[in-house]
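Protein chains: 4
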Amino acid sequence: MSGNTFGTLFAVTNFGESHGPAIGCVIDGCPPGMPLSEADIQADLDRRRPGTSRHVTQRNEPDAVEILSGVYEGKTTGTPIALLIRNTDQRSKDYSNIAESFRPGHADYTYWHKYGIRDPRGGGRSSARLTAPTVAAGAVAKKWLAQQYGAQFRACMTQLGELAIPFESWEHVRSNPFFAPVADVQQYEDYMDALRKAGDSCGARIRVQATGVPVGLGEPLYDKLDADIAHAMMGLNAVKGVEIGAGFASVAHRGTMHGDSMTPQGFRTNNAGGVLGGISTGQDLEVSIAIKPTSSIISPRESIDVHGNSTEVITKGRHDPCVGIRAAPIAEALLALVVMDHALRHRAQCGDVVPPVPPIQASFL
Amino acid sequence: MSGNTFGTLFAVTNFGESHGPAIGCVIDGCPPGMPLSEADIQADLDRRRPGTSRHVTQRNEPDAVEILSGVYEGKTTGTPIALLIRNTDQRSKDYSNIAESFRPGHADYTYWHKYGIRDPRGGGRSSARLTAPTVAAGAVAKKWLAQQYGAQFRACMTQLGELAIPFESWEHVRSNPFFAPVADVQQYEDYMDALRKAGDSCGARIRVQATGVPVGLGEPLYDKLDADIAHAMMGLNAVKGVEIGAGFASVAHRGTMHGDSMTPQGFRTNNAGGVLGGISTGQDLEVSIAIKPTSSIISPRESIDVHGNSTEVITKGRHDPCVGIRAAPIAEALLALVVMDHALRHRAQCGDVVPPVPPIQASFL
Amino acid sequence: MSGNTFGTLFAVTNFGESHGPAIGCVIDGCPPGMPLSEADIQADLDRRRPGTSRHVTQRNEPDAVEILSGVYEGKTTGTPIALLIRNTDQRSKDYSNIAESFRPGHADYTYWHKYGIRDPRGGGRSSARLTAPTVAAGAVAKKWLAQQYGAQFRACMTQLGELAIPFESWEHVRSNPFFAPVADVQQYEDYMDALRKAGDSCGARIRVQATGVPVGLGEPLYDKLDADIAHAMMGLNAVKGVEIGAGFASVAHRGTMHGDSMTPQGFRTNNAGGVLGGISTGQDLEVSIAIKPTSSIISPRESIDVHGNSTEVITKGRHDPCVGIRAAPIAEALLALVVMDHALRHRAQCGDVVPPVPPIQASFL
Amino acid sequence: MSGNTFGTLFAVTNFGESHGPAIGCVIDGCPPGMPLSEADIQADLDRRRPGTSRHVTQRNEPDAVEILSGVYEGKTTGTPIALLIRNTDQRSKDYSNIAESFRPGHADYTYWHKYGIRDPRGGGRSSARLTAPTVAAGAVAKKWLAQQYGAQFRACMTQLGELAIPFESWEHVRSNPFFAPVADVQQYEDYMDALRKAGDSCGARIRVQATGVPVGLGEPLYDKLDADIAHAMMGLNAVKGVEIGAGFASVAHRGTMHGDSMTPQGFRTNNAGGVLGGISTGQDLEVSIAIKPTSSIISPRESIDVHGNSTEVITKGRHDPCVGIRAAPIAEALLALVVMDHALRHRAQCGDVVPPVPPIQASFL
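Residue numbers (the UniProt record's numbering), protein chains in the order written: chain A, 1 to 365; chain B, 1 to 365; chain C, 1 to 365; chain D, 1 to 365.
Treat the hints as calculated values from the structure; they're not laboratory data. Beta carbons: idealized from backbone N, C-alpha and C, even for Gly. One or more of the hints may lead you astray.
Each computed DSSO-like pair below joins lysine-lysine, with the alpha-carbon atoms no more than 30 Å apart [said to hold, decoys possible]:
1) Lys316(B) with Lys197(B)
2) Lys316(A) with Lys316(D)
3) Lys75(C) with Lys197(C)
4) Lys143(C) with Lys75(B)
5) Lys143(C) with Lys197(C)
6) Lys316(B) with Lys75(C)
7) Lys197(A) with Lys75(A)
8) Lys143(A) with Lys197(A)
9) Lys143(B) with Lys197(B)
10) Lys75(D) with Lys197(D)
11) Lys197(D) with Lys143(D)
12) Lys75(A) with Lys197(D)
Okay, the calculated bits of chain B under chain D, using three or more residues with CB under 8 Å as the criterion [unchecked claim]:
13) 27 to 38
14) 339 to 349
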């Protein structure tokens, strides 16, 4: 109930603080018999890792994962899989000046009032560093879903600050530090350089997609697949909006065009984003999220301290000028975790998923 | 795990189908000793009720609620509160022609493939009629939150199809059938009349607000207050997008302006929408949702039947040409249920909420 | 979290009070496509029903169940099954004299202090009448388990007060009001008549058995099958002890005899009671429970009132002089609910149960 | 749902295998602001530790615990507390001969059939070694309950094999390796020496007691305090029976004596064992558990292998000839975890526990 477990049947319990000795998670409910090694997980962690370009935080963390349990002779046993990542590059002294002040846009103020105590080192528990165990758990889910259904998860940036990023191809996403689906990212490099020089930060929009998800996943009434996707995405640090399929554009749609027509060869469109009545249609899951600008900036901000007095806050330390840049692999992982959980929930009540049924997939929008 | 229970500590288990004998819910976890009668609940049900204007479905349901348990001599006892609403105006024959076809944009296709069986009468379990028990439970939560913290919940329409609705005052919301915050709704009346005549439907955008929510509600890491709000809202029938605070506009913001400054007199702005790090700040909770156009329209739609053959679907029966019109009281109820659950979760771990702390509230944006 | 839901994947949420308008439950998670009607449930309710012999309470309740949802054209749809039982023979005046006193051995004292309010009519929520919805839900579980695995559930009385009841045959159980596995129950009739005349009550021991449960159900580490059986049984009103297999006799056993030997033809014994390491072995589940004497007796008892003053309590009204007499069908239902829940939990993580494996079953002990 | 999390609001997720790299747990929901260090936890771990007398396994494990998260400057922060214990004295070769055979009385057979894969090293996940993290988490719960209510938890052995152990005083329990409440344990030393020489094992009965538990903890209907105690205790390795208060002796009791009379000065007796209607009375919680003889014995046992063929199993390795000997600190921890969870559940729904009310405690039975 204290909010650190994600999922119900594929349950990921996350622990750790940004500058504590270690972070990690325990995955309970993984099906037995699946080959699994640290290498399966490390690949995704490396995509999220800090320090990989000049546009992200320069904190140097290898994020090397150790599997502590749940795997025997290279296969999952069905018992809890504990994953451990030691923190190695903490510099707590960077944060000492803000221990008694509340950084605007940060969780400082709310943690302080909720718990009456706050670990100020690097944001403590509220740091985006805690997405690493989520990514690690997501890698396990992805592997099972790929093996079981051929499902695949991917994400790309579709807007950086006020710059919309056109969609060219998924091919480009892994070739640039922005996870942008375009060949040429020079303008985004320049944009970020200018922003960093100005001591400022910006937001981003990320598109997340799953292919190969079978029809039938998701639960009425409240735990709809899209509801749980929204929960996952809005729970990601700095996210302020979530859309499924046509999203907010649906408001101005007409019923005569919005509802995706069906033919024996498949859906004609995918305004639904792969979900109808909260249950997957077999089409691609299409999700879009809005990420706010990083709150940790070196420009001075007006604030108060724990005694209620006026103060000015400058956040030193090492930070991402656009947290959205590293959000793509995290959003993928979250989507995989949601689908994984619902795959097991479906199996519990309805038995194994049947082979995919005819209606093939339309392209998005 | 089958998705019909909302919340954890204030847990609402919803049951029923659109055309079955009854719908209702069981609320488990309500604090004892609170005065409660059917009248407290009926008021909100009446705001959601069908048949109250020509712009909504003409199905005539009194939606009279009966309290079956959990109340003794007018007070809650701490034991489950079961609420029963008998269905009285089912006309199942209206739907017989669609039992073997899948209506585009509806849950027909997904329910059929998930369960291998489907109750086609009025959409069965996937009908928006099932929001009535949610509204009833929300009324109980609202009463407790008002009494405990002075918290209030309200919602209004901010866009109807492509028409943006300016915000004039909360005063107007209860004076028109659109829950619009404006004095003059003639253009929306005309718009809906034209739409209905065209046999079409449209979407809507709804703003939901909570005032008086104390600082400190919400759980890291995954069950953030905003994450659970997103879960609740996206789980509402036809919702395709959810925003907290500045929402998607955050993407183009700069860190130097987005993070809400704090002064001894309060926050200067509320881009956060009342949530920082997943925990309430004490400012107003500000949520915005996108509702797609009703899928049940009388215009013919291209589809397939259960055998995979081409067919054409015309949805007769009685339907809302814009489901968003009746969404306001439902969205309020959902927000209240989320806040209620987190109030109890907070109390479990941290003890009773302390009196509100200084930082007063800025107006939104 | 407020304790009124049994199970996780086959989740039964129970509501109602002894003298309120109705009692019932909502079953969430029932697999779809199973034939189900009121008659399937009524049979078990009738076995538990009051007023069927002079040895049980004379309250006259037909306990007629109504299915409110989750069934369409005679089959379960996978959506919540709500079951309603109206109370018809409440006589609240019988209890008015005890509203301010605490009956020894009853929940009066603890409910009062927990909630600060108590429904005194017939014990309110703490009445054994609330086992009726449990029995109803158990009937649904039994039907699925019988159909899926051929599993069967039965229970009998093995001790009445200080009288041990020998085991002759399961055949006899349904032929006498005691659920005793013997042909001649005259001595138990006489025993109960004397007890009733003396204004006293006695305890009972019940044996519960499940056959046909497949190997592999149950979860390490904490939610072992036997742990959840113990939870279910100890949660039944008046139960003070639970044994699995050899139970307390195990203490004096030697390892060289206790561990059930295995041969290619099966286990030689069943000291384990059908559970090893918390997981079913495929042998019969064997459970034994101790039920304390009814606390509602007409003999005067020393007690206090809500103000802490001395008082004397005589419990009038209509009560069972041995609540254990009607416990057999309830204990069966509870065992079925536990097995059902674990069947679905198993299916979620490991897929469908494989056909039963060789080791056949030894008889108990 | 996979059974490795204990509790709901004070939720302990346990991981690890007997011979894997590490074991541990994550505690989610601990109230913030409580002083906590490794030393607080180590004391209880040392009481459970192997190798402390010749009557227990000679495996040499320091069981040194490391706090990985959730504590800042010596105080709990309200975020997850991860506890890590490295395994140091694994000797997997001892077990290689049993990887393909099923040891009678062990979980080998059931794990194999449940998961299709089994970690045979030292019993893998089914080893009693996994009680160490439970003890560690229990130490945290004990500390909070002591500080909050003055609650205390203790356990002692009341029967060793066929030898009943009289109760002399709690003082003696920590002075002998049996946790026996007697001054002179020579006869138990002799008994165990003979048993070990014979290559056999025996069972034990343990009494567990909590004092200072406030009135009002426990939830109707299914999650009664005693139901959750039974769940906890029956989930402990090798436990075959659980009693609350008078337990199985209740069967032969009369209502006129069993129900504990109340006076303004307190309860006259404690047949209830501190629980009425599933809710604590404020009296001592009294629990008794039956532990079967260790299944790992060096005497040859008749069994089968994974192919269904006859075989003979001799369990070498290092084992406890009576697992009950080390059960006392584990049972204490489990009782503390149950009470802790219910304390938070109570606080969620009903607010903080009121100061203890008059009725003082009678001694047990």
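Hints, one by one, checked against the model:
no.: 1; hint: Lys316(B) with Lys197(B); verdict: holds, 14 Å
no.: 2; hint: Lys316(A) with Lys316(D); verdict: violated, 60 Å
no.: 3; hint: Lys75(C) with Lys197(C); verdict: violated, 49 Å
no.: 4; hint: Lys143(C) with Lys75(B); verdict: violated, 39 Å
no.: 5; hint: Lys143(C) with Lys197(C); verdict: violated, 41 Å
no.: 6; hint: Lys316(B) with Lys75(C); verdict: holds, 26 Å
no.: 7; hint: Lys197(A) with Lys75(A); verdict: violated, 49 Å
no.: 8; hint: Lys143(A) with Lys197(A); verdict: violated, 41 Å
no.: 9; hint: Lys143(B) with Lys197(B); verdict: violated, 41 Å
no.: 10; hint: Lys75(D) with Lys197(D); verdict: violated, 49 Å
no.: 11; hint: Lys197(D) with Lys143(D); verdict: violated, 41 Å
no.: 12; hint: Lys75(A) with Lys197(D); verdict: violated, 40 Å
no.: 13; hint: 27 to 38; verdict: holds (count 4)
no.: 14; hint: 339 to 349; verdict: holds (count 5)
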